[in-house]
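Asks: Residue strings, one per chain:
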Amino acid sequence: MAELSTAEPDTGPATGPEAGPDTVIATRALTKRFRGGQLAVDGLDLAVPAGSVFGFLGPNGSGKTTTIRMLMGLIEPTSGTARVLGQAMPRATRTVLPQVGALIEGPALYGFLSGRDNLLRYDSADPTADPRTRRARVAAALDRVGLTAAASKKAKAYSLGMKQRLGLAAALLQPRRLLVLDEPTNGLDPQGMREIRSLVRELASDGTTVFLSSHLLDEIEQVCSHAAVMARGRLIIQGPVAELAAGARGLLVVTTPDPGDAARVLKEQGMADVVVEEDRVTGEPPDRDLAEVNAALVSAGVRVRGFGLERASLEDAFVALTGEGFDVAG
Amino acid sequence: MSRAEASEVSEASEGSRASGISEVSEVTDVGVGSGTAEVVGLWKPSPLWALGLLRNELVTTLRRWRTLALLGVLAAVPVLVGIAVKIETSDGASGGGGGPAFVTQITNNGLFLVFTALAATLPFFLPMAIGVIAGDAIAGEANAGTLRYLLVAPAGRTRLLLTKYATTLAFCVVATLVVALSALIVGSLLFPLGELTTISGTRISFGEGLGRAFLIALIVAASLIGIAALGLFVSTLTSSGIAAMATTVGLLITIQILDQIPQLHAIQPYFFSHYWLSFADLMRDPVYWDDLFRNLGLQGLYAAVFGTAAWARFTTKDITA
Ligand SMILES: Nc1ncnc2c1ncn2[C@@H]1O[C@H](COP(=O)(O)OP(=O)(O)O)[C@@H](O)[C@H]1O
Ligand SMILES: [Mg+2]
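One line per chain: the protein sequences are A and Z, in this order. Sequential numbering from 1 applies to the first sequence in full-length UniProt numbering. Sequential numbering from 1 applies to the second sequence in full-length UniProt numbering.
What the hints contain is simulated information worked out from the structure, not anything from laboratory work. Check the hints yourself; a few may be wrong.
Derived DEER-like restraints, expressed as beta-carbon distance ranges [said to hold, decoys possible]:
#1 A:Asp143 - Z:Lys44: 50 to 56 Å
#2 A:Thr148 - Z:Ala84: 34 to 40 Å
#3 A:Ala140 - Z:Lys86: 19 to 25 Å
#4 A:Thr148 - Z:Thr158: 34 to 40 Å
#5 A:Ser159 - Z:Ala166: 31 to 37 Å
#6 Z:Lys44 - A:Ser152: 28 to 34 Å
#7 Z:Leu48 - A:Ala139: 21 to 27 Å
#8 A:Ala139 - Z:Pro286: 38 to 44 Å
#9 A:Ala157 - Z:Arg203: 57 to 63 Å
#10 Z:Lys44 - A:Ala140: 19 to 25 Å
#11 A:Thr148 - Z:Lys44: 27 to 33 Å
Here a beta-carbon is modelled for each residue, glycine too, at the ideal position from N, C-alpha and C.
The whole structure should be built from the sequences, with the hints applied where relevant.
Replies: Below, the structure is given as structure tokens:
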């Protein structure tokens with residue numbers, strides 16, 4: 001865990017890219033350079049364990065969608081390899097993709113068709129989908145996302161949230177081993193976001209592996225068991241979310257009416273990056289028993305109102321890793 | 001089934017690959033073994049299921065407003081021609097010369113309206129309608145973003161392209177039949193029907209005339225195979241449906257104009273529209289087949305060349321829309 005926090009952006013993933021049998025997505029040095037010369041994905045080594053809810057985190061333009069397009073066989077990698085469900089993409093699209101449901105860069109629908117007819121069309125595009133059960137499966141998918149009542153309405157009359165849910169329904173037309181959801185809550189109101197998140201949790205509890213890209217940290221923290229962080233086309237870190245957040249160490253916060261003295265004592269005690277804001281002194285906790293730090297404050301005559309550790313968020317981890325704020329476009 | 005066999009299946013031709021999918025799933029299931037995966041391994045997809053997309057595509061295309069509008073315009077042409085001829089001749093005038101082929105014979109026999117309407121729509125209205133449908137085939141899906149979802153379904157690029165081409169060809173037949181049927185109905189309402197005189201001057205029965213009209217409609221539909229392939233190829237080059245449609249129709253007009261320039265005599269036999277009006281040879285007695293066969297051969301050549309180009313382009317293209 002400690003090595004996670006010290007990983008430099010350039011040293012690559014802390015977790016190795018070994019593709020064991022339980023790895024649903026495995027890429028090796030996956031790279032995409034667009035024809036304009038834009039390096040969108042740069043040497044990506046990704047390992048998504050089976051059964052995980054894997055958050056693929058990165059600011060806009062960091063290469064998430066490009067990665068997903070390569071995983072789904074929509075674009076050819078410039079170099080490197082990608083394996084999905086154990087098979088090489090894009091060669092094995094025919095055998096792999098029937099077992100994968102995907103939502104890529106927002107839903108795309110036929111506005112002149114009803115919601116139901118949209119799903120019937122997407123289902124008939126899958127040569128492994130049984131036409132005898134098509135209507136029943138479409139009805140079940142509509143029900144799952146709560147669109148049964150609106151099923152006969154033309155898709156162009158749908159709200160953004162309804163379109164998003166119809167897109168999700170298309171990903172759920174068959175039992176899937178892997179769901180790839182590219183920013184599924186983008187553009188939704190908080191209520192819509194909650195609905196999608198609870199759906200994702202539900203699907204994950206059925207044993208489906210979910211690969212969820214997002215530029216929202218709290219979203220990843222709320223629903224994901226694992227995460228990978230992207231910035232400017234490069235993978236910065238990947239691993240279980242708990243470890244990633246713990247990797248960025250918490251903040252020691254001291255509340256006191258004597259901030260000046262407190263800061264001096266805390267520095268003597270080995271606290272780094274000390275920041276004083278009115279009656280709050282914060283910094284990186286020293287490598288020693290915090291009880292002794294507190295005792296040192298008290299014996300130096302500093303009146304302590306509050307003394308405690310603030311748990312680091314994934315955002316702190318991100319800032320610690322990249323040295324920049326999160327909403328920076330690559 | 002061993003893993004080696006499984007990978008053989010995945011490299012086999014498309015048809016046999018579809019039937020091997022269930023076995024391949026079973027092999028990979030061993031590794032992960034999640035609950036839902038077992039369901040995937042149970043059923044065996046039938047190769048016939050691959051036709052589901054074609055059926056859906058045909059129905060979807062025919063349900064679009066745009067398709068119906070195009071067919072409406074095509075159906076209106078014979079109505080306009082029929083009414084114009086009727087008005088022109090009702091005051092006793094002999095109809096004069098000029099106008100599309102067969103137009104002077106319509107007043108004697110309504111069946112000639114079928115030939116006239118096909119001759120009037122073949123140079124522009126029919127190929128324009130095909131250009132719209134073919135040009136939009138792939139580019140329109142890319143434009144709407146639905147292409148990526150069809151491909152991850154997974155429709156398969158070759159299968160999707162074949163489906164689109166088959167649907168465009170079906171539209172060629174439907175569009176031509178709409179013109180012919182509309183003309184037949186209008187012709188029989190406004191003019192007498194009966195025996196007719198061929199271009200060679202012989203008389204044939206109305207029944208045989210009807211048969212030849214049907215044959216002509218099929219030949220006219222087949223004349224559109226070339227522009228359909230050309231439109232499909234253009235459609236794979238861009239992500240804008242409008243651009244693809246405009247390019248295809250623009251090519252059509254350009255070729256039609258170049259076909260009129262005498263100096264280009266040497267290359268004109270390779271223009272897809274060069275032998276279009278040879279369908280009139282079916283009204284000779286005996287039928288003069290040479291140009292008809294040249295036309296069909298040329299259409300086949302265009303289908304092969306541009307079909308292959310479309311396939312080469314589409315199966316290697318990055319889908320970023
Ligand atoms: N079709 C394309 N052509 C050229 N550059 C592209 C294309 N698609 C994406 N890019 C570039 O690649 C980078 C990564 O984009 P993307 O994968 O969409 O990021 P994200 O999904 O993380 O927001 C961006 O800088 C973007 O401008
Ligand atoms: Mg994106």
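Asks: Does each hint fit the structure? Answer for all of them.
Replies: Each hint tested on the structure:
Checked against the hint of 50 to 56 Å, the pair Asp143 (chain A) and Lys44 (chain Z) fails, with Cβ atoms roughly 27 Å apart. Between Thr148 (chain A) and Ala84 (chain Z) the beta carbons are some 53 Å apart, a value that contradicts the proposed interval 34 to 40 Å. With their beta carbons about 58 Å apart, Ala140 (chain A) and Lys86 (chain Z) fall outside the hinted range of 19 to 25 Å. Between Thr148 (chain A) and Thr158 (chain Z) the C-beta distance comes to about 36 Å, which sits within the given range of 34 to 40 Å.
Between Ser159 (chain A) and Ala166 (chain Z), the C-beta spacing of about 36 Å keeps the proposed range 31 to 37 Å intact. Range check, Lys44 (chain Z) to Ser152 (chain A): about 33 Å between beta-carbon atoms, so the 28 to 34 Å window is met. Between Leu48 (chain Z) and Ala139 (chain A) the Cβ separation comes to about 23 Å, which falls inside the hinted range of 21 to 27 Å. Between Ala139 (chain A) and Pro286 (chain Z) the C-beta distance comes to about 60 Å, which lies outside the given range of 38 to 44 Å.
Distance hint check: the CB atoms of Ala157 (chain A) and Arg203 (chain Z) are about 59 Å apart, consistent with the given range 57 to 63 Å. At roughly 21 Å, the beta carbons of Lys44 (chain Z) and Ala140 (chain A) sit within the given window of 19 to 25 Å. Roughly 30 Å separates the CB atoms of Thr148 (chain A) and Lys44 (chain Z), a value that falls within the hinted 27 to 33 Å.
Figure legend: structure checked against the earlier numbered hints; hints not met, in rising order: 1, 2, 3 and 8.
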